[in-house]
Structure formats: structure tokens, C-alpha cells
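Residue numbers (my numbering), protein chains in the order written: chain A, 1 to 317; chain B, 1 to 473; chain C, 1 to 286.
None of these hints come from the bench; they were simulated from the model.
Among these hints, one or two may not hold up.
Unchecked claim - Sample of chain A residues at the chain C side, in silico, Cβ under 10 angstroms:
| id | residue |
| --- | --- |
| 1 | Leu37 |
| 2 | Ser122 |
| 3 | Ile170 |
| 4 | Met246 |
| 5 | Ala284 |
The C-beta atom is built at its ideal place from N, Cα and C for all residues, glycine as well.
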Amino acid sequence: MVEVSMASAPAERKSFWSKLGPSNKKVFPWVLMAPTLIILVGIGIYPFLYALNIASQNIILSKPYIPRFDVGLYQYQLLMHDPEFWKALRVTLLFTIEAVFIEFWLGLGLALLFQRSIRGASVMRIFILIPMILPPLVAALIWRYMFFPGAGLVTHYVGGLSEWLGFGQIPFLSDPTLALQTLIFVDVWEWTPFMFLMLSAGLASIPRQPYEAAEIDGASAWRVFWTITMPLLRPAILIAVVIRTMDAFRTFELIVVMTRGGPGNATTTLNVLLTKTGLEFFDASKAAALSLLMMMVIIVMSFVFIRVFRSKTEVAE
Amino acid sequence: MSIITKYGFAATIAASFVSVTPVMAQTEYQKKFEGVELNVMNPAFPQFAALWKFLPEFEEQYGIKINVDEIPFDQLRQKSLVEMQQGTGRVDVFAVDVMWLAEYAAAGFLAPVKQYVDNPELTAEGYDIDDFLPRVLSGTGVYNDTLYTIPIGAGPVGTTFRGDVAEAAGFTLPEKFDDSFTTEYMYEAASKVHNPENGMIGFANVPGRWFWGVTYLPYLYAFQTPETKGDEYVGEDWKITINNQHTIDSIDYYVSLKDFMPADSANWGIGEATQLYQSGGAFGVWNYQDFITGFFEDGGNATINGKNKHLHTPAGPHGVIDPWFGSWGMGISVDTEKKEAAWTFIQWLTSKAIQERAIEFGAGPSRHSTYKSETVAEIAPWWTDTYEFMLTETNPDERIRTPEWAEISDIMGEEGNRVWIGEIDAAEAAANMEKKMTNVMRRGGYFIPGRTDLPKQLWRDLTYYDRLPSEWN
Amino acid sequence: MSFQDLYKIESPAAPHKPKNWWVYVIILLVCFVNFMPYLWIVMTGLMDREAATASTPTWFFKPTFEAFHFLIVEKGIMYNFMNSTIVAVASTFFSVVIGMFCAYALARYDFTGRDDVSFWVLTNRMMPPVAILLPIFITFQTLKLLDTRLGLIILYTAMQLPFVVWMLTGYFRDIPKRYEESAMVDGDTWFQAFRKVTLPLMMPSITATSIFVMILSWNEFAFATFLTSIEAKTMPPSIMAYSIGASIQWNILGAAVILITAPLVLFVLIMQRQLISGLSQGVVKE
Numbered sequence: 001m002v003e004v005s006m007a008s009a010p011a012e013r014k015s016f017w018s019k020l021g022p023s024n025k026k027v028f029p030w031v032l033m034a035p036t037l038i039i040l041v042g043i044g045i046y047p048f049l050y051a052l053n054i055a056s057q058n059i060i061l062s063k064p065y066i067p068r069f070d071v072g073l074y075q076y077q078l079l080m081h082d083p084e085f086w087k088a089l090r091v092t093l094l095f096t097i098e099a100v101f102i103e104f105w106l107g108l109g110l111a112l113l114f115q116r117s118i119r120g121a122s123v124m125r126i127f128i129l130i131p132m133i134l135p136p137l138v139a140a141l142i143w144r145y146m147f148f149p150g151a152g153l154v155t156h157y158v159g160g161l162s163e164w165l166g167f168g169q170i171p172f173l174s175d176p177t178l179a180l181q182t183l184i185f186v187d188v189w190e191w192t193p194f195m196f197l198m199l200s201a202g203l204a205s206i207p208r209q210p211y212e213a214a215e216i217d218g219a220s221a222w223r224v225f226w227t228i229t230m231p232l233l234r235p236a237i238l239i240a241v242v243i244r245t246m247d248a249f250r251t252f253e254l255i256v257v258m259t260r261g262g263p264g265n266a267t268t269t270l271n272v273l274l275t276k277t278g279l280e281f282f283d284a285s286k287a288a289a290l291s292l293l294m295m296m297v298i299i300v301m302s303f304v305f306i307r308v309f310r311s312k313t314e315v316a317e
Numbered sequence: 001m002s003i004i005t006k007y008g009f010a011a012t013i014a015a016s017f018v019s020v021t022p023v024m025a026q027t028e029y030q031k032k033f034e035g036v037e038l039n040v041m042n043p044a045f046p047q048f049a050a051l052w053k054f055l056p057e058f059e060e061q062y063g064i065k066i067n068v069d070e071i072p073f074d075q076l077r078q079k080s081l082v083e084m085q086q087g088t089g090r091v092d093v094f095a096v097d098v099m100w101l102a103e104y105a106a107a108g109f110l111a112p113v114k115q116y117v118d119n120p121e122l123t124a125e126g127y128d129i130d131d132f133l134p135r136v137l138s139g140t141g142v143y144n145d146t147l148y149t150i151p152i153g154a155g156p157v158g159t160t161f162r163g164d165v166a167e168a169a170g171f172t173l174p175e176k177f178d179d180s181f182t183t184e185y186m187y188e189a190a191s192k193v194h195n196p197e198n199g200m201i202g203f204a205n206v207p208g209r210w211f212w213g214v215t216y217l218p219y220l221y222a223f224q225t226p227e228t229k230g231d232e233y234v235g236e237d238w239k240i241t242i243n244n245q246h247t248i249d250s251i252d253y254y255v256s257l258k259d260f261m262p263a264d265s266a267n268w269g270i271g272e273a274t275q276l277y278q279s280g281g282a283f284g285v286w287n288y289q290d291f292i293t294g295f296f297e298d299g300g301n302a303t304i305n306g307k308n309k310h311l312h313t314p315a316g317p318h319g320v321i322d323p324w325f326g327s328w329g330m331g332i333s334v335d336t337e338k339k340e341a342a343w344t345f346i347q348w349l350t351s352k353a354i355q356e357r358a359i360e361f362g363a364g365p366s367r368h369s370t371y372k373s374e375t376v377a378e379i380a381p382w383w384t385d386t387y388e389f390m391l392t393e394t395n396p397d398e399r400i401r402t403p404e405w406a407e408i409s410d411i412m413g414e415e416g417n418r419v420w421i422g423e424i425d426a427a428e429a430a431a432n433m434e435k436k437m438t439n440v441m442r443r444g445g446y447f448i449p450g451r452t453d454l455p456k457q458l459w460r461d462l463t464y465y466d467r468l469p470s471e472w473n
Numbered sequence: 001m002s003f004q005d006l007y008k009i010e011s012p013a014a015p016h017k018p019k020n021w022w023v024y025v026i027i028l029l030v031c032f033v034n035f036m037p038y039l040w041i042v043m044t045g046l047m048d049r050e051a052a053t054a055s056t057p058t059w060f061f062k063p064t065f066e067a068f069h070f071l072i073v074e075k076g077i078m079y080n081f082m083n084s085t086i087v088a089v090a091s092t093f094f095s096v097v098i099g100m101f102c103a104y105a106l107a108r109y110d111f112t113g114r115d116d117v118s119f120w121v122l123t124n125r126m127m128p129p130v131a132i133l134l135p136i137f138i139t140f141q142t143l144k145l146l147d148t149r150l151g152l153i154i155l156y157t158a159m160q161l162p163f164v165v166w167m168l169t170g171y172f173r174d175i176p177k178r179y180e181e182s183a184m185v186d187g188d189t190w191f192q193a194f195r196k197v198t199l200p201l202m203m204p205s206i207t208a209t210s211i212f213v214m215i216l217s218w219n220e221f222a223f224a225t226f227l228t229s230i231e232a233k234t235m236p237p238s239i240m241a242y243s244i245g246a247s248i249q250w251n252i253l254g255a256a257v258i259l260i261t262a263p264l265v266l267f268v269l270i271m272q273r274q275l276i277s278g279l280s281q282g283v284v285k286e
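Chain A extracted, bound-state conformation (with noise of 0.2 angstroms):
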């Protein structure tokens, strides 16, 4: 509609085509844009209506026989008086939250190891960066497989020490608090690799200049990093903490393959409540109001990320 509106614009005669070129400030930018958003819009958009559409009814698929009508806000409602569904709200924002606040500061500290000069920092960039180029699910059953009592190397190793110290073999995946923990760890394993590449790559783009003049000030080592580099780093932080944070959300083969929300339901985030209402239970109903309520908390979350991050860069540029 955009498009049309300012098409019309130009007062001189020129063919429709030419109107659409660089030379049309206002347009051009739309029609560089068009593709994206028509794939966007084709593969988005209809899922979005879909599920809007859904999430008013009581569709169980694998039940055609039940009689469809129209509920309202009902699903929703009924979601709202869930216990199951704030514990999953729960489990999800923790692992989420705890899971990139340690990527995060984990990722930056290598990062800045990595800034001093160090012999073979490529070849060891690449050993750090391996856990990132796996697949999730490989990442998920190595892990299954550290796990695993005997041949994992998780058990006869920490766990043989922690016998050995009179503690007795760690139930990393059976202690319901535990378990989330030992997720967390595997999602930090992961992930702190792309934190760390976001992050490296964002100091090395941060120019000389200001530290120079903060030495002639002979400003300690903490106030530079506070008052210089984070700043500076802010558009490569916006970046990896909001990707990350729409991931960690929605993380699905490391809970699938290494605990199935399990033991008891201490490991169910959202998103296996939702497989299993969508895919087990076919639930359609519900599933669709669930993930439309999914949606709705981590758009505020990314809001809120990038409000905070991008409102300063623009005024330190």
C-alpha cells in the first residue's frame, strides 16, 4: 500500500518502471526489500493467521469426530488457570535468562583473552568453535552420551571423583532442580562459542582511538571497559544476546533428546508443553494459543533487549 501511495508521487512522466529506481528515494528502498518481505509475508504471515484462527476453536486433529465450534477466548482462559503452563513459563524464562546471562559473560571474557596476542589463537579458535558447528541434536546426544553410566565420560570420570570424595554418583539428569542445571550447562557448552565469535568480532571493530586517549587520562583498566568498550560493543551485543535469546526460548532437541521434560515435569519449558500438546495430544486448539502466548512474551523480551541496547548506540555515534 506503501508502495502504491508514493509511486504516484513524482509529478514528472516517466515510465512505471524507471518510477521503482534508485532514483526514487522514497520507493527504491521498498522494491530492495520487496523479495524478503514477500517470502516473509508467505511463509509467515498465513502461520500467524492460522493459528489466530485455531486458537478460537477446540480442534483436536486426531479426533475429527468432536464437534468444532467457536470458543472464543477460551483456550486462553484455560491456559491462564494451568498450573502446568507457569511452571513451563518458569522453567523457560530460568533456562533461558540463566543460560544466556552465563553465555554472555562467558563469551566476552574469552573474547577479550582472545584480543591479547597469543600463539596459535586460530587453531585454538577452532577447537573452541566446535561445539557451535554441530548439529543441535548431535550436541544433544554427545551429551546423552556423556551421560550415559559406564562408557560416558560425565559419569566415570566426575562422577568415579565424586565417589571417590565419599559423595556418591551426581544425579546430573534425575534431581529435578539439578537437571535444569545440567540443560543449562549444555546449552552454555553450545552456544558460549557464538557469543564469544559475536563479541570477538565486535572488538576487533572498535577503533584505537579512544583507548589511547584513556591512557594519556590514565583511566584504570575497569573504568575503560565500562565507559569505552561496552559501549562501543553495544551493536554487536544487541545482536548475539537478542539471537540467542529468541534460541534459548525455543530450544527443542537438547530438552528432547537428553531429558523429554523429564524427571517429573522439572525440564518442561514451553516449548515441550507445546510439542506435546501440538504433537502428542494433536490439541491443535490449545497449541495454537499457547504458541501465540509464546510469541507475545518473547517479543516483549526482545523489545525490551532492544531498546536498551540501541537507544544508546544512536547517541553514542
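Start from chain A and add chains B and C according to the hints.
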């Protein structure tokens, strides 16, 4: 004689036996299927792998190409239902676990097969549908008096123990199932050999919350009294009855097996437990009859092959034995246009000759003739032991035949697993189960006042399933 | 070693300071933790079944290709490997080429609703796969795209676009506009200036972004599981079915892991310099 040479010997017998069995003839009518391609969706299980070894023969004889899509068991129902409810018709033949039949059939996702069985153009002359054990065939494939799937093998779940380990500890396990094998006996036997320092645990259980519907259930049944049989989950009015002392006792017993388990085992599935047993690290483990060859007697694992005792699950304190009925059947998608070709494939796959030859590689019997054959007696004697049981004792509705089974099973698993990790006690779990299952049944429409068309509770009179196979619709 | 040392910042151009041994200790420890699990599963892939099912870790064994034989000869997994390659390469190419122009527009032009468009693009990455699985399935069914490589290529292209757009927008912003403008003053059209001036400067960043996108597409599991079955099945669902379908076979899993990760690990090994320099906007700075 080592088990491997014994198998080799038996295979020779089987081969010579089969060579005199007439190969099923392709009818004139079936010639028109030449060039057709069929898509089959099945779990990545050993009994299917055994059958697929014969696919080249089928393709050559009928000119039909079979594409096998092997799916991890965890995803099979999800993936089947996505295809089914969208009516894609892309999958022609589905492997159907007995506990899913009600759901698939009630929704009309499967095509009735009787018309094909009766069609001499499509079914080979020697097919003989009445050769199937009545209860096995109807238990696997009948819903609402209509036949939907043909069983490729059926059997109880049970337990497998290391006979040699028991001998070394100074006791002898029962040869096959008998009444002396009780829950108490099992716990004591496991205690005797339990020695984790030397890498041998008493029993590798399967407490993961997704598995209780197949691993805990035998104990739920074993702990009933003869009077409460039939009322395990629901009463005659479909009101949930699971909140009772038998359930609590059975959960307590099942969780007591935790005494033998490593600290970090609350999520264990069948895979983990089996793997530990295969590596010689456990004295006993859960089994399903159809997995025995593939998991425990495949001739490639010297640690355990030939040393196992394959028993039933133990009898409970009141002498009740779990009437487990496990089975996979092959059904035709209602949306495919290649139903006749699909049936041609199924009748070949379940024919006498193929069934008997596939035993060697780990498939199971579902026909009288296979059960009684020398091949089975020689290669897989544990089948012979269960023939009478499958004929008269087994209860095809142990996992009650309702479309709600997936949810019921999930509820039992979640609550049971919480007892396992010590979050709640068995009494609270039983109460929660009742509450949640009641909600599920209510949503399923069972409690609508004045409803008269509620499903029949066939497990209360199992003679229903003893009808001759050819008599179904 | 003090806490302040840890955060001492050096710009790449800063003079080299004496090296501290504890930096090496930390980095080597991280290398060990990150690499060990992978090395262990790779070793398991070369074990025979007995070694792989042993009740304690086996460090010395006679390597065998038993598991590879099972996967390649018996299961024909190389067909899935080919599917994965085609889908990953094609979707990477399309998402980068299409997303590039969108990123350029967002970086270069100040138009009403720019921030909204940019955020909306990102929201497309937020829906959990399970939530959009069914509608995508229905769309694919209508368009006859189920179980086709083309379908997966289109889907992955769309899935990676938000990431491409967000990554590249920042980098385009860093290239001074005047380079292009001076080229256009010299008589080049917009597209010629873009191709001759901007694109070469962007190449390192585009390469780095492509590597990321390639990794994400190659590794995708949830959609591949439900949208493909026989014709277009990619590696992740296949290894799931073959290695832990029934009983868990660690050595087969190990071999599968080697097959699925080898191309990407090699690729990143070769491209790592471009990856870092591209991500750090290895373009002309003032």
C-alpha cells in the same frame, strides 16, 4: 554347543524347510500393479528390519517397489497422525501399534481390509486368514467389529535375566514363566546379585516418564486381586478408578527397583536399560517378546547371547499375572489410491512363508503354523512358551482401547516418574492420576449425561476377541 | 593475576604486552572442555560394537569401519547426505542474495517505518517450529512441496532471511556512502556502483554470514523430520532413526556424527580466517 553354531544349524534347517514351501503365486490381476511404488512408514525396530530383508524378493516377484521410511519410535505416532489427519495419502501402509488402533480407526484414518482378504484376485490361495491366532488377529486389528490391520507378530512384555549370573550366585531361575516367579522373588533375586562396585546391578528398570505405559503397566496389573480385574483404570460407567491401594502398592514396588539403579537414571528409556544389559552391566531388564532376537540373542554379543532366561513379568502378591498384549499390525491408509497394491504387499508380508523365514532374523509369529513350526522351536523357543498364553490368557485391551490412551499413558508416566524422583508419594500420584484422567475422559465426551453410545468395555468378556479371524467385518 | 587484568582491553593495533601463562591455562581448558566430547564421539564411531558398549570408557581399540558400513552400505545414508548438501547450499545462496538487498535498503535509506520493518523481519524468527509446523505442512501439501528438496530450500531460505538481514544491515551501515556516490558521479548506474564498489567491500561479511546460515540450514531438524520422508530426507532425521531408533548404538551414532559434522568442521577450518575478519567488519576504516 555355542549359540551361534546352534543358530547357523537352525538356519540351515529353516532354509531347507522353506525351499519346499510353495512360493505364493502372483495372480493375473496383481500383474497390473507392476511399476507401482508403495511408501511404508514403520518404527526403527528389529522385527521390522528382519522382515525388510525379504523385500527384494517381493519387488522381484510383484514388480512393486517398496520405499521404507524408518522413524524413531518416539516420533512414529506424531508423524503418522500428521500425515493421516491431513489426508496426504503419501503413505500407503502404516505400521500400527495396538495401543494406537482405537485412535486411528475411530478417526477413520485406516481402510478396512476384510474386502481384500476375501478377494481371491488379491489374496494368495494359501493365505488362510484363520491360521492367525484369533485373539492376536482381532486384538491387533479389530475396532468396532471391523478388521483394520494384520499382525506381523505379537507377544507379551516380560523380563530377561542372566541365567549364568544367577547360577554363579547359587540359585536357579525358572526355565520359563511359572507361578513361583513373583514380584517378591524378583526383588530378592536381584538383591542377591546386585553388586554395582563390580559392574553388576540387580535390575535395569525403565523409569523415564514416557515409558510407564509399557514398563510400569505390567505391575499395575500384577498387583490387582482377582476381584478387581477389569477395574484397573475405569469402572463400568467409565468413571476413573485408578486411585486405589493396588495402584499405590504397584507404584511403590516399581519404585523400589530404584534400589538397584545408578543415581542418574530417572529419565532412562528402553534404550538405556537395554544398552546396559547388553554390555553385561545388569542382571535383569524389561523386554518385549519381539525384541528378544534383535536385542538379546542376535549372535553378535558374546557377553549375553545364549545366557538369558526370558521370563514373563512376575506375578503379584495376589497371584495375578499381567495379561500383556503387545503387537504391531500393518494397515492401509484410507487416503491412498493404491489400496489394492498395498494389500498385495501386506498379504505377502504376513504370509506363512515370509513369517516363518523372518523368524531367524528376529521377526515374531502371529500364526498357529509359525508358532508350531520347527523353525521357531529351534531358533526362538521363547515364542513356543507363550503360545498358550497368547491363545487364551492375553488381554488385548490391557491398554484400554480408547482414543484417549496416549494421554492416559502420559499422565501415568508423569505422576509415576515424580514418585521415582521423590517429589510426591505413591498415594498422591494415584490421586493426581485419577484427577487428570477424569479430565481427559470428560473432554473425550464420556461423561455427557444421558449418553448411551459409550464404547463397550470388551476386556470384561474377552471371548469377543476369540471369534475366528474370517468372521470379522 | 588480578581481576582487572582479565578485562584489560587491547585494540588489535595496540603494542603487544608480555604474555601471561594463566591466559593459556584458561584458553586451553576451554579448548579441552569444548573439544573433548566431540573427540570422544568421533572415537566411538570407529569402535566395534563391543568396545562401544563396554561398561567403562575404552581409550585404546582397533579402529574399524563397521558402523560406517552399516550406515553407508546398509542404510544408504549418502543419499541423505546429498539431500542435505543440496538443500543447505541452495538455501544459503538464496537467503543471502535476497536478504542482502533488504539489509542494504534498511542500512542506506531513511524511510518511514524502517525500524518497524526491521523488527517485524526479526519476529519471523521467533515462532517455535512446532507452532508453525502444521500450517507449513498444509501449505506444502497444497503446493505439492512435501518431501521435496525444493520445499525445504524455500522454507530454509525464509527461515534464515531474518538472520541474514540483521547481520548484514550493520555491516552495510559501516561502509561509507560516499564510495558509491563517487562511483555514480563517474557515470555508473546504481547497480554497477553496488556491484563494483559496495559488494567487494562487503564480501568478507557476506562470506561470514553465509557460513552461519550454512551451519543453521545444514543442522535443521524439526521441519526436516515432518516435511520429508523418503525423497528429501536430510541427515539429522536420518541419524536420529538409525542410531537411537530402537536400542541405542553409540558407535553408529559416532559414525553418523562424523558424517554429518565432517563437511562443516572442514569448511569452518578452511574458512575461519574469513569468518572472523568478515564478522569484524573487515572493511576499510577511517
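Now the hints, each set against the structure:
no.: 1; hint: Leu37; verdict: 7 angstroms, holds
no.: 2; hint: Ser122; verdict: 6 angstroms, holds
no.: 3; hint: Ile170; verdict: 17 angstroms, violated
no.: 4; hint: Met246; verdict: 6 angstroms, holds
no.: 5; hint: Ala284; verdict: 7 angstroms, holds
Hint compliance for this structure: hint 3 alone is broken.
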